[in-house]
Structures are given as structure tokens and as C-alpha cells.
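> Going line by line, the protein sequences match chains A and B.
To convert a position in the first sequence, counted from 1, into the working numbering, add 79.
To convert a position in the second sequence, counted from 1, into the working numbering, add 78.
Rather than coming from a laboratory, the hints here were simulated on the basis of the structure.
Computed from a predicted model, the values in this text were never measured in an experiment.
Hints are supplied without guarantee of correctness; some may be wrong.
Each pair of labels, with its calculated beta carbon distance range [claimed, not checked]:
#1 B:166 <-> A:107: 35 to 41 Å
#2 A:118 <-> B:161: 43 to 49 Å
#3 A:134 <-> B:140: 52 to 58 Å
#4 B:124 <-> A:228: 54 to 60 Å
#5 B:355 <-> A:194: 56 to 62 Å
#6 A:107 <-> B:140: 57 to 63 Å
Glycine included, C-beta positions come from ideal geometry on N, C-alpha and C.
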Amino acid sequence: MSDDSEAVVRRMSKPPAAVVVRQRGQGELVLRRFLRHKAAVISLVLFVAVVLLAFVGGALWRYDYADITSAASVPPSLEHPFGTDNLGHDTFAQVLRGTQRSIEIALLIAFLAGLLGTLWGAFSGYYRGITDSVMMRFADLVLTLPLLAVAAVLTRATSGSWWFVALVIAALQWAYVSRVVRGVVLSLREKEYVEASRALGATDRWIIFRHLIPNAFGPVIVNVTILVAAAILVETALSFLGLGVQPPDTSLGLLVSEADTAVSTRPWLFYFPGAFIVVIALTINFVGDGLRDAFDPTQRKVRA
Amino acid sequence: MTGRETVLEVENLTVSFPTDDGLVRAVRGVGYELRRGEVLGIVGESGSGKSVTSMAVMGLLPASAKVGGSVRFRGQELIGAPDKAMRAIRGGRIAMVFQDPMTSLNPVHPVGDQIAEAVRAHNDVSASAARERAVELLAMMQIPRPRERARDYPHEFSGGMRQRVVIATAMANDPDVIIADEPTTALDVTVQAQVLRALETARAATGAAMVLITHDLGVVAGTADRVLVMYAGRPVELGGVDDIYYEPRMPYTLGLIGSLPRLDDARRGDRLVPITGSPPSLLEPPRGCPFAPRCPMRQEICETVEPELLTASASGPPPASPSGHLSASASDHLAACHFSADLEGRRPEDVFAPTSVDNAGGAR
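Next comes chain A alone, as it looks inside the complex (with noise of 0.2 Å):
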């Protein structure tokens, strides 16, 4: 016999004083879930410290992103962990600094992309018929648009400082977003407690607020996490052409487009912030995940 197996009869042959049930929080009970997802909270974890290191880091590392050393093209070093460009640049601190701006970007493309998208598809959905005709006819015209002329002719016209270039990406990607949420509320609208809550005198507004954007969380999470990451890439696509973010400001996209003809002689260059789009990329997609499954109460899965 076993301790284990010991320990249990021992257990169970101490009479039980009285049964206690304590009593959980919600917040208590979406964290167990989340926690039980251990991807997503390894993700969370690497996320969180990729933001530190990219935040608090880049304040308190030696050499500023816009600093031109002495050592000029030199490969990883401890002086310099991530090398430096031909004219200097501590790469470590410029990936540190474009880690800053792709997050910036990024969140607020999926918050201001994901907050429209989900009422805009609510609202259609809910309301269907002719409001949702033209509400949809609109979206699908916004997906028409291609993105990259869009985004050239408007952040030309700008400074191309990194919240417009985020307030572009957002303006043309909230659509996915409003179809996806569209196509969840049509279903959802015919479920039975919208029906008995409209036989509790509920307004439309509550129906849309109280029952079908809190029912529509799992999907838009998911599509705004995959947002997150599509953003990253777009911004990077952008800034490679020259139309993101505007140097002397850096992001990860730009830094590998500066890079981009290095890749044979200074790999660092690409290889660094390459890196940290799919590392941030990927983190996100699984805390979306864990943070779906968790959000869910029906949830029942034990995760291993």
C-alpha cells in the first residue's frame, strides 16, 4: 500500500465534522478555469514578460534605440546581446523600443477594431431585415477597400505617427469582426431566454447589452485575439513599405524591413525581431484561448 493510497484511508475514516461548501466568486472561478489552461497561462506569463522587458527594460537598458554606438555591424555580443546595425544601433534597444510600438499598435487596433466590430455586428444581427442589409452592405464595402492603398493615401497624408497608423488598420479590420458577431447574435437572438426576457418588458438595448454581446464573448475574444496578431503582421506589412510607423520611431515590422536585405551577412537583424512578432503573436492567440474557455461558465473540461 502506498502513502498515497494510506494518507486517503486515513482520511476517510476521520468522521466528517460537516460538510463545508465554500462558497466561490465568479472572478475566483473564471481564474481557476484560466489556470487550469496551461498553455495559455505559460503564454500569459511570456507576454507579460516580453511587455516588461519591452516597457521597463527599454527604459533602464544601457543604450536608447536611437543611440549610434561605436561598434557598428558587431553579432551578438554581451555588450550588445542582439548585435548592431551597420551605422551602430544596439539592436536589443531598438527591438525593445519596436516591441513598445507593435503592442501599442496592436492592442489598440483589436480594442477599437474588436468595440466597433462587436456592436456594429450586434446591432445588424439583432435588428436584421433592412437595418441589417445596410449595415452588412457597409462592412462588406470596408472589406472591399484594399487595405494597403488605403492605409498608403491616408498615413501619407499624416505624419504617420503610430496611433493613426493604428486608427487606419482598425478602421478597415473592424468588419471581420462585425461578421463574425453578426452571425452568432442571428442565432442567439432566437434563443429562448431573449424571448422570456422580451416577456419581462425588456428594451432592445438590454436584450443587445445584457444577453447577446455577453453570449457573443467567446467568439470576439477569439477574433480579437486573432486580431491582435493579424495586426502585428499588417503593421509590419505596412511599415515594410515604408507606410507604418516612420522612422526615426521604429517597430518590430520596420526593423525587419531595414533588415530584410541583411539577412545572409547580419541575420540578428531579422532573426531578433522576427522573433518577438511570432512570440508575441503566438502568447496572445493562446491567452485569447485559455481567456475564452474561462469566460465560458457551461465550461466543464478539465484541462491537463
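Since the structure of chain A is provided, determine the placement of chain B on it from the hints.
Chain B in isolation, oriented as in the chain A frame:
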């Protein structure tokens, strides 16, 4: 029971749905009166228009539905009433209990919040006061540890408890009418009695009148004061619960009773007598009595003239209006059959023959 004030008055209610195949006439001239504290059972098989009738009362039918006739709540006309006025009535004055408690509660909100939502929709109270009220209502519904359970989600409750939560929501605003649409159908037989008791508690606590829609005659027998039998969108018999059960005056009602297993009958264990066939299409209702194709008593007139709902037994006074449209008092017994007088004293097995399948089985 007479003399009590009428809270809900439905008169000649018609509902039809335009479809690609034509107009589906789901409800054709339903009428009833509901007095304070009274329980009216509406029975009928699937598609007889029971639920559509109550949805029309609540104004919850889809916009495509064509609704005619009149529904008056305390004298206020509800058909065609503006949405704002209907919202004040829905949940506040007329509450509804839906069939399936698995789906009529929102899975993402704790049940206490959902009851509080009903309270706050009609009363200007603080969130904490509404929550208090929710706990109080859960306690009335015999939910153990109501304060803790109010924070639980619907999926953490059993079916019967969920339905009691729904009933608690319905009684949250002390309504004058509770419409229960098949409240026990989705539940285990073992918890049906529990839910019916909960409904009775709710009714007693609020003093509300209740419309109990069901296809379970046993449920009606134990709960209702009066019974309305519907067939093919028409009311075919209306009367006190004893009149309907012991002296049905419409072959359809008689057939329903005959197909019900009885524990208190001397001939229990005998074959039940079924009603053969199925209800007519509501797309093109037959010209005469809708039950005629299935009726063992049909005669020529049944195929051509649809019978009016008229006073069937001598026990009650004659109806006030000559059309017989249910302006009748509660003691009246009305039936829509040309030969309702012939049914006096007849038993189901006298009228309905056992089917051939039953004969074959009996020969074994």
C-alpha cells in the same frame, strides 16, 4: 368565483402567418375570460394554437403574424398597443413561464442577477435591493441556501430548480396574470409535481390569475379551475374542470380523456381508446367541423357546417351574448359540437372504438 373582477379578456382572437404556401390560420377565434386568482387550463395537442394564443396575448409574435380580435387586460386593449405600453405590461402585469428552463435562462448570468433584472425592469430600485428581492423570491420557491445559490449559474441547477427560478422571475413583480406555457413538459415526471406546487405558491403569493397551457390532462385536472380545450386553432370546449372531465360534450375532449390512463377507474388495465388520425392542416382547414375526419360520431352536417361554441349543459345560465362568444360566466359549460347533447352520459369507450392493432393484440 363569479363576481370577482376580470383581469384578462380575450375575444375572438385570430392569428395567421403568411407563408409561401398560403395563409396558415393558427388561431381562429379564441376567447376566454380570466378572473382574479383563477386558473384556466388550456389543453390541446401540438399545433392546436395553445402557445400562439398566449404569445399573441403577450405581443411576442413575430412581426409577420397577422393578429385580429381583441385582448383586454383590465380594460386596456393589448392588440396593436404601442411597444412601450406592452413593455410595461410584459413581465410587470402579465408574466410568462416558458416550457424549457434549460434554455429560458441566460447561461452567462447568475440566476440571482436574472431575477433582479426582472425586478429592475419594472421598478426603480437599487441593484442591491433588487438582489435582496431575488433572494427572497428564491427562498419562496424553496431553493435551499437562496443567498448563496443566487450567485450560481443556471447550469449549476437541476431542471426542476431551474424552472422554479423561472417561476420566481415570473412572480418578481407581483403580476396579475401568469401565463405558464407547458411548464412541466420538459421536466422529469418526478419533478413535475414540485414545479406545479411552486406555480401554485407563486399564484397564491401574488394573487395572480394563471393560464396553464399544457397537453397533459393530469396536470390540468389537479390545478385548473376551468379548462379550455383547443383543436385546430379553435376553442372546442370550455367549462369547469369537473364538467370537462366528467361530462365532456365534445367528442374530441371525450377522446382525450379516453386516451388517458386512470388509476382511479375500475376498468384500469383495459386497453386505452385512442383517437385515430391526426389534426387537419391549418393551411386549408376543412369546411365543416375540423374534428369531423377523426370523429366516430360524424354525420353529414359535420362535413359542411362548423359548429359554434354554445352552451352545452343546462347547469349554467345561458350566455349573455347570442353568439355564445364566451362572455359567459365561469360556471358555463360551452362546447362546439352539433351533437353535444348526445354525449350526455357517454363514456370514451362507448364512442371511440379500439383500433385494429389493439384488437390484434387483444386476440393473443
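> Next, verify each hint and record whether it holds.
These are the hints, each one checked on the structure:
no.	hint	in the structure
1	B:166 <-> A:107: 35 to 41 Å	39 Å, holds
2	A:118 <-> B:161: 43 to 49 Å	48 Å, holds
3	A:134 <-> B:140: 52 to 58 Å	53 Å, holds
4	B:124 <-> A:228: 54 to 60 Å	58 Å, holds
5	B:355 <-> A:194: 56 to 62 Å	57 Å, holds
6	A:107 <-> B:140: 57 to 63 Å	42 Å, violated
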